[in-house]
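If you read the sequences in order, they're chains A and B. Note that the working numbering has the first sequence beginning at 1, numbered continuously upward. Note that the working numbering has the second sequence beginning at 1, numbered continuously upward.
Mixed in with the good hints there might be a few duds.
Calculated cross-link-like contacts (lysine to any residue; reagent style SDA-like; alpha-carbon spacing at most 25 Å) [what the hints assert, rightly or not]:
(1) B/K262 to A/K135
(2) A/K135 to B/P183
(3) A/K141 to A/L125
(4) A/K229 to A/S241
(5) A/K135 to B/I189
(6) B/K262 to A/R24
(7) A/K141 to B/I189
(8) B/K262 to A/R14
(9) B/K262 to B/D180
(10) B/K262 to B/I189
(11) B/K262 to A/Y17
(12) A/K229 to A/T264
(13) A/K132 to A/R114
(14) A/K141 to B/A97
(15) B/K262 to A/T264
(16) B/K262 to A/A77
(17) A/K132 to B/L20
(18) A/K135 to A/L181
(19) A/K132 to A/T164
(20) B/K262 to B/F118
(21) A/K141 to B/L29
(22) B/K262 to A/K229
(23) A/K132 to B/N34
(24) A/K229 to A/A218
Anything over 10 Å on all C-beta distances counts as not near chain A; from chain B, calculated [unchecked claim]:
(25) N34
(26) F40
(27) S63
(28) G67
(29) P152
(30) V155
(31) V163
(32) A179
(33) I189
(34) L193
(35) G213
(36) H231
(37) R237
(38) W259
If you are wondering where the hints come from, they were derived from the structure by calculation, not from laboratory data. We treat Cβ as the ideally placed atom computed from N, Cα and C, and that holds for glycine.
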Amino acid sequence: MHTTPDAVHVAGLRKSYGSVHAVRDISFSVQPGEIVALLGPNGAGKTTTLEILEGFRRRDGGEARVLGLDPGDRSGARQLREHTGLVLQEVGVEPYLTVRETVARAAGYYQAPRAVADVIGMVGLAGLERRKARKLSGGQKRRLDVALGLVGNPRLLYLDEPTTGFDPAARRDAWDLVRELRQEGTTILLTTHDMEEANALADRVIVLSGGMVVAEGAPSALGGRDAGKARITFRLPDGFSTGALPVPATAASGVIAVETASPTQALHLLTDWAVREGLELGGLTVNPPSLEDIYLRLTSDAVAPSVPERTTK
Amino acid sequence: MTTAVTTARRPRGRGTARLLVHQVGYEQLSFWRNPQSAIFTFLFPVVFLTVIGALFSGAGRSSYFDGLSVLQYYVPTIAVLSVFGSCYGQLAVALAARRQNGILKRIRATPLPAWVYFVGLVAHCILVSVIDIALIVGIGRLYGVPLPSDWPQIVAMLVLGAVCFCALGVAVASVIANADAAPAVAQLILFPLLFISGTYTPIHSAALNRVAGWLPVRPFNEALTGLFTGHTGTDWRQLGVVAAWGGVGAIVAVRRFRWVPKP
C-alpha cells in the first residue's frame with residue numbers, strides 16, 4: 001500500500017433504534033495522528049457513531065473502517081481492540097479493586113501495554129495506587145477510566161465526552177493529557193457538546209445534528225463561515241421597538257441585536273439615527289459571532305427538518 | 001507501515017493459560033473483597049450447616065430423612081446449595097450488575113477474548129464452590145458424618161453441576177434487562193427451586209418430587225447424596241437432566257448475552 005489509510009473512514013452511516021433515527025447519514029474520515037471532535041447536542045448521534053466504530057453496535061447501513069478493518073466484522077475484533085482505546089461516558093470499574101489492580105488487570109489483556117505506573121502518573125492518580133475504586137471521587141474515577149483507555153498504548157483513542165463532570169482544573173489536566181498524546185502521534189476521535197473543548201483540542205470539528213453532519217472544518221474555519229459578520233448589541237429606552245430602527249434587528253430580554261455582514265455601515269446608520277432621535281444606545285458593543293453562536297445556529301437549523309420524520313411512525 | 005494493523009498474535013497455549021490465571025486471580029480478588037458476595041454466597045451455606053449440626057448432631061437415622069441421619073441428609077444438599085449460590089446466584093446477579101455499570105463494556109473494549117472471560121468466570125465460580133464444599137464436608141466430619149470414598153466421581157459430578165449452574169446463571173443475566181431486578185429475579189427462581197428439590201427439608205410428596213426430578217437441582221442432590229452415602233454406580237438419568245439444563249442455559253446465554261445495556 002502506498003497511501004496511508006485513514007485511521008477512521010465512515011460513509012453514509014445509518015442506525016435506527018425502533019422508530020428513532022439515531023444516525024441518518026454520517027460520512028467523515030480521520031487521518032492518522034489527527035484529533036477530530038464530533039460536536040453536537042444530546043441525541044445528535046455522536047455516541048451511536050462512536051459505538052458503531054468501537055464494535056458495540058451494528059450499523060444498519062453505510063461503510064465503516066477503523067485502522068483498515070471493519071468494526072462490524074467479528075473476525076478482526078481482537079486485532080482492532082489491541083490498537084484502540086476508549087474512554088466512556090459511564091465509568092465501569094470493579095469497586096473493590098485498587099487503582100493499581102484495576103490498571104494492572106487491564107494491562108494484562110494487551111500484547112504491548114504501557115507500564116502500569118506510567119499510566120497512573122499520566123492521568124494524575126499517582127499516590128492513590130492503593131485506594132479502592134469505590135473510595136475514589138467522581139473525578140478520580142473518570143481519571144481511572146482514562147487510564148484504562150490508555151493502558152494498551154492505543155494508536156487510536158476514542159474519548160466519549162471526556163471532561164463531562166470535571167471541575168475546571170481537572171478539565172485543564174485532561175486537555176493537557178490529550179495534547180501530550182497528540183505529541184506521541186495518537187489519533188484521537190472525541191465527542192463533546194462543548195464548543196470550547198472542541199476548539200481547544202481538535203484539529204478538525206465535525207458538527208452533528210439530528211444524525212447528520214451539518215458542518216465540518218478546522219475550528220477557525222468553522223468560524224470563518226461567518227467571519228465577515230458581526231453582532232451589534234445595545235439597549236433602547238422604553239417606548240422604542242425594533243421596528244423604528246433603520247436596520248433589521250431582533251430583541252431578546254431587553255437587548256437589541258443586529259447581525260450584519262457590513263458592521264461599519266450598520267453602525268453608522270444606527271448611531272446617526274440615535275443622534276437624530278436624541279437617544280443614547282446603552283451598552284453598545286460590536287463583536288464577531290462566537291463559535292458558540294455558530295454552533296447553536298448550525299445545530300438548531302438542522303434539528304427542525306428531522307422532527308416530522310421522527311414522529312411519522 | 002504497510003498494513004493497517006499488525007497481525008502479530010499472542011502465542012497460544014502458555015500465553016492463554018497465563019491470561020486465564022490472570023483473569024481468575026482478579027475475579028477472586030473482587031469476590032473475596034466484596035462483603036456481600038463473601039457473606040451471602042460463601043458463608044451462608046457454612047453457617048446453615050453449622051446450625052443444623054448444633055441442633056441435630058445427636059439424632060440418629062430417621063425415616064423422615066429417607067433413612068439417613070439429619071447431618072447425612074444435609075451435607076450433600078447444602079453442598080449443592082453452595083454450588084448453586086456460587087455459580088448460578090453469583091453470575092445471575094453479578095453479570096447483570098456489571099453490564100449495567102459498564103464493566104462488561106470496558107472488558108469488551110479490550111483484546112481479552114470473550115471465551116477467556118467466561119472460562120475464567122466459570123473457573124472462579126468452581127474455585128469458590130470447591131472451597132465452600134471442603135468447608136461443608138469438614139463441618140460434616142466434625143459432626144460425625146463419614147467422609148465419602150469415591151472422590152473422583154464426586155469431583156466429576158461437582159464440576160458438571162457447577163458448569164451447568166454457571167450456564168443457567170449467565171442465561172438469567174442475559175434475559176434480565178434491568179440490573180436492579182436481577183437479585184429479585186435470581187432469588188425468585190433460586191429459593192422455590194431449592195425448596196422443592198429438598199435442599200432445606202425432605203419433600204414427601206411424590207408429585208412434587210416428580211416435578212423436581214426434571215429440574216436441575218434435585219437430580220444433583222440425589223446423585224451427590226448417593227455418592228456421600230456409599231451407593232456406587234452412576235445414575236445416568238440424573239446426570240442427563242443436570243447436563244440438559246446446562247445445555248439449555250448455554251444456548252440461551254450464547255444467543256442472548258449482551259455486553260452493553262439496551263439503548
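Hint-by-hint comparison with the structure:
no.	hint	result
1	B/K262 to A/K135	28 Å, violated
2	A/K135 to B/P183	24 Å, holds
3	A/K141 to A/L125	10 Å, holds
4	A/K229 to A/S241	23 Å, holds
5	A/K135 to B/I189	34 Å, violated
6	B/K262 to A/R24	20 Å, holds
7	A/K141 to B/I189	35 Å, violated
8	B/K262 to A/R14	18 Å, holds
9	B/K262 to B/D180	14 Å, holds
10	B/K262 to B/I189	23 Å, holds
11	B/K262 to A/Y17	10 Å, holds
12	A/K229 to A/T264	11 Å, holds
13	A/K132 to A/R114	21 Å, holds
14	A/K141 to B/A97	18 Å, holds
15	B/K262 to A/T264	55 Å, violated
16	B/K262 to A/A77	21 Å, holds
17	A/K132 to B/L20	23 Å, holds
18	A/K135 to A/L181	28 Å, violated
19	A/K132 to A/T164	22 Å, holds
20	B/K262 to B/F118	21 Å, holds
21	A/K141 to B/L29	19 Å, holds
22	B/K262 to A/K229	45 Å, violated
23	A/K132 to B/N34	11 Å, holds
24	A/K229 to A/A218	18 Å, holds
25	N34	5 Å, violated
26	F40	15 Å, holds
27	S63	47 Å, holds
28	G67	45 Å, holds
29	P152	34 Å, holds
30	V155	29 Å, holds
31	V163	24 Å, holds
32	A179	12 Å, holds
33	I189	26 Å, holds
34	L193	29 Å, holds
35	G213	39 Å, holds
36	H231	42 Å, holds
37	R237	39 Å, holds
38	W259	7 Å, violated
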